[in-house]
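Chains as they are written, first to last, in the working numbering: chain P, 173 to 523; chain W, 173 to 523; chain L, 173 to 523; chain Z, 173 to 523.
Take these hints with a grain of salt, some might be off.
Pulled a few chain W residues facing chain Z out of the computed Cβ check, cut under 7 Å [what the hints assert, rightly or not]: (1) P428; (2) Q451; (3) V462.
Calculated from the structure, these hints are not laboratory results. Small disclaimer: the values here were computed from a predicted structure and weren't measured. Cβ atoms here follow ideal geometry from the backbone N, Cα and C, with glycine treated the same way.
Number of protein chains: 4
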Amino acid sequence: MLVVMEKTATPEQIQSVVDVIQNRGYTARSIPGGDRVSIGILNNPGPVDPSLVVGLPGVKEAIRVTRPYKLVSREVKPVDTLVDVGGVPIGGAHLTIIAGPCAIESLDQAMTIARHVQRAGAHLFRGGAYKPRTSPYSFQGLGEEGLKILARVREETGMPVVTEVMDEATFDLVEAYADMVQIGTRNMQNFSLLRRAGHSHRPILLKRGMAATVEEWLMAAEYILEGGNGQVVLCERGVRTFVNHSRNTLDLSSVPVVRKESHLPIVADPSHAAGRRDQVIPLARASVAVDAHGLMVEVHHQPDQALSDGAQSLYPEQFELLMRQVTDIHAAFRHSPALVRNGSGKGFKGG
Amino acid sequence: MLVVMEKTATPEQIQSVVDVIQNRGYTARSIPGGDRVSIGILNNPGPVDPSLVVGLPGVKEAIRVTRPYKLVSREVKPVDTLVDVGGVPIGGAHLTIIAGPCAIESLDQAMTIARHVQRAGAHLFRGGAYKPRTSPYSFQGLGEEGLKILARVREETGMPVVTEVMDEATFDLVEAYADMVQIGTRNMQNFSLLRRAGHSHRPILLKRGMAATVEEWLMAAEYILEGGNGQVVLCERGVRTFVNHSRNTLDLSSVPVVRKESHLPIVADPSHAAGRRDQVIPLARASVAVDAHGLMVEVHHQPDQALSDGAQSLYPEQFELLMRQVTDIHAAFRHSPALVRNGSGKGFKGG
Amino acid sequence: MLVVMEKTATPEQIQSVVDVIQNRGYTARSIPGGDRVSIGILNNPGPVDPSLVVGLPGVKEAIRVTRPYKLVSREVKPVDTLVDVGGVPIGGAHLTIIAGPCAIESLDQAMTIARHVQRAGAHLFRGGAYKPRTSPYSFQGLGEEGLKILARVREETGMPVVTEVMDEATFDLVEAYADMVQIGTRNMQNFSLLRRAGHSHRPILLKRGMAATVEEWLMAAEYILEGGNGQVVLCERGVRTFVNHSRNTLDLSSVPVVRKESHLPIVADPSHAAGRRDQVIPLARASVAVDAHGLMVEVHHQPDQALSDGAQSLYPEQFELLMRQVTDIHAAFRHSPALVRNGSGKGFKGG
Amino acid sequence: MLVVMEKTATPEQIQSVVDVIQNRGYTARSIPGGDRVSIGILNNPGPVDPSLVVGLPGVKEAIRVTRPYKLVSREVKPVDTLVDVGGVPIGGAHLTIIAGPCAIESLDQAMTIARHVQRAGAHLFRGGAYKPRTSPYSFQGLGEEGLKILARVREETGMPVVTEVMDEATFDLVEAYADMVQIGTRNMQNFSLLRRAGHSHRPILLKRGMAATVEEWLMAAEYILEGGNGQVVLCERGVRTFVNHSRNTLDLSSVPVVRKESHLPIVADPSHAAGRRDQVIPLARASVAVDAHGLMVEVHHQPDQALSDGAQSLYPEQFELLMRQVTDIHAAFRHSPALVRNGSGKGFKGG
């Protein structure tokens, strides 16, 4: 942390800031500048709360210099993490496709869609048994019955299944049935749930909060890793902005940032970002081209009869088209080695 | 809901939309326009999911015409709700001030601050026992020990206490000690927690989510009312925007909107919105002037030694000043009757 | 426009709204609903200002049903517009690459970079002669000298040139030298400049405003078309959001939306969206994959000595890599016909 | 500027950054930290472009430490600027009210409204002669005829008048008629217009851009001061956010920030922020309570017949109410001296 003092700060005020820092057991290093003094805070084991010094007399602002995360950081673990979901890898050079309906509605519905997406090339099956709904009057999911249907789908198709958990109370149950446990957007900073996920033996799919910075998102993952579970996949699903032509704004720049800052894999969910069918395929292509490790896509064979989010679900034929296009795109720029791919290789003059 | 068809929609496509609507048991009414047809959906008991029709061939868009909430709506209950927190009212013409430290750190700290804020005129004491922290390495609160300290503060000062609950697992405990249970920003759409709050016998303070629309916020309150607990106070605490000079952007227009749409009281939290001390008093004045029913303010006698959020905590002397100013402002525009106050009275020509 | 009345609206209030609408010469059509009345406004030649009725007694809200734009609309002109920039086409199935430095600094600099980007496959050369700078103390461009350098580059390389115009006063001059005139983000709603562009004989590159909805952006283009100039290319360059890891957030969903709503071509500018070099190539790939008609990319042979925006400029070697990757991606999903490409073809069941 | 190096940066990379800084004529000071090196840039006369170093090998990020503005800064001129608009002061302890219709429609309309607002206590009359409109098909203002009507209003009522200028071409004309020239939201970064305003002999009302940070806004004012015109008033009018219950989100925290950072006065425009009548009075009260130096409010005697923005215009009776309320509020907290008012006085322990 760098503490920038006012131009008019007195030596007493500067000393007072130094004292506060040292009283916490950190090192304070004064840095005289052209027309003002700054004070560096060093040797702090964890992140420093800016409120330690902001508001003290003579302090203009506190600027964080280092990242607050540790275990998720690529500086700590330089090698990519490969997550194993019931035998299906996410991470590295794989392009892993997760597909299925928004909500599990019946065995027949789930199985029909599962066979469609599997035939088209999906690797994992998704479907909600517990649904977070804005309205208490909307369909809330089949609960345990939905989990049992998921298990049947896995049994019959061999595809591992991904489903969302909404609270600690049902975590054991979800964990018992699912191959990968999803923590949804609205729960990204449900810290009790994150701690529980840290003790899970299942890989976790952690969606980005609707207003979360990448740093906050990585800190949420840090809770899980800190608890002992290193199998975490991040999922970019759009953030809330003023833009009104899509439900959320898919922030694809988060992909190169997460890849740079962290060793965890990151996939994209174009369905929830768009909120409407006609943007899903273009955004899926873009997500693969930006080099996400995979996609999560909603598919329904009868979207107009879906119990939730039908408007953003692809028809099976559309999903087939998506699969062909993203596979081709992935192949198209994947023939160059990774470092070259992002143009950050050593070979570049100065770059 | 109004379904707007494309100009080029065929009669078959229009009929197909009408069929989908009627298959759900709703009434479809076709409205021929100048150059396109719209279809109104009527007689729907609850909210209609736009995905019922968006994405169907020939559909341009679906526009929601009515509000999805019921129990929180002023259309359902025109009279203001008055919430009773251990004998202290929130709502109506009262200006209720909740003050205290971000986190309970010790009995001595809590009692010192409580006596300060009580002397200055605060009605309720706040303090966190369970703290939602972005980093797993930050101070997470004293837990039950903090709740016991809160109970001691109430015993000695007579002030009812408000504290946050973070999960269902600790809800019983928090409920046993607190006079009012707070659901924090990050949990505004933790629907399992909202359902639990619906069965609580304590009033609930529901903070607005960082990226929540007023409609989503009211729908979160609807979960609580639907569960049977009508004692809910909303708390505006700023939303996330591109603005970087304050931690969040206090959206004061939410106050007249909530007052118009709902019968529930609404208070403002300038401390979390600002994130820095020097904006708290101005924003507190503005919150009272916009006609919030109260304030929630962080106060600490030694902010530079606070274990969390010290930078936004007022010194006791500053809180005294705040109290004097907001009391004067509240008095200043409160001598006119309520309808006149907002300029929406019947007396106005045409308005 | 649909006027939704309050549930409690009286027959007199409804009649009063009908009168206001008819006094303007429009048709009012009353639509009785389940528990409230709505009133449709028909036969309005141009857009209706919501303020005609919002605020009238008994009115809950006014919902716009049709789009306010005409000439830019695909409903008016279903066929894609092809823009011709000095012989280079933008639009249709072409992928057009515009590349060059942020600012023209010298003939030597411009020519060096031009030869680099041309060799790598760029079609148009860009470079600023007049630079909009946040600070009055920053380098403001070479002005007419910069324009002359651009003309020399065209002469020697044969590449048509694109450069920004900042005001009406210099429009004639810019127009005289440039093959395509750019209107920048900060001037997207400089309506006097847009009107002047409407009388230009040069094609216009219209960048999206930092906080502009697609509708506002298309309305800005409408000003140009309304003035008589139909050669307009839209450029998505990111919008301002709370996200802080990139300078702006590239909103790639605007591409399918613009393609659906308008016949005008749309290109993307990953350099300004990112603001930092290491995100430019990934975002360029994503832009092509989402099916933008082209890219605008900043390239500098000595970015660390650039007079503006060096941090986001690619090295020539990186630009070569970008060209190879985007060409491959464009080829990869371009072998399917356009309708199939976006999954909106007639062949789909129901979709 | 502080340049933070990667943990893995080599001594050669660090030296290379130092070289780049010194080649620009600045001083580079290396600051060894716990696990990484930072480099301070000193003795730079103007702002340093981060692109000087961002993107260089080994550089993690560049953090700006000082503010880029000079002439508008309170560090340069500690005393409040008082702006004189035809004899009416804005700034200091005054509460200055600017009121009138959105657009001048006729002499009769202007005069009627002017007499209303004057009687209610307004100090300045506003009204648009040139209107920036999203649609080219909307009413664009009366032009010079509108300016003449403004002059007549001033003549008859004695109230100085404020009106918007949209381009350099009409600046002379507007300047000839108006007592204060307004630069609108969409032109906040129209740098040619700002430069022209810098040579004006009229005070300038500079509205905040819809997506502008306070820093960018102050830099826009810096253009005007740098040109020689020190009479600038800033106007907060809301920023664009995801919030959809008001047209924009009034960012009242900008008021204490501007007051702290700059000596220029700041007023608020609740009409454009709200976009709907029923929020204007509450937001006006809040703006005065947050300690803005004044208000700009739209008033129309027949809002349902207004040619633009009628929905946000107050009826004359509502404006009277507003005047009474804001006057009372201003008086209520103005009896304490300024320093005490914001709780930042020397008397506070540590604060």
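Per-residue hint verdict: V462 (chain W), partner chain Z, C-beta under 7 Å: holds, 4 Å
Quick check on Q451 (chain W) please, does its C-beta sit within 7 Å of some C-beta on chain Z? It holds, given that the least Cβ distance between Q451 (chain W) and chain Z is near 5 Å, below 7 Å.
Hint check: is the beta carbon of P428 (chain W) less than 7 Å from a beta carbon of chain Z? holds, 5 Å
Violated hints are absent here; each numbered hint is respected by the structure.
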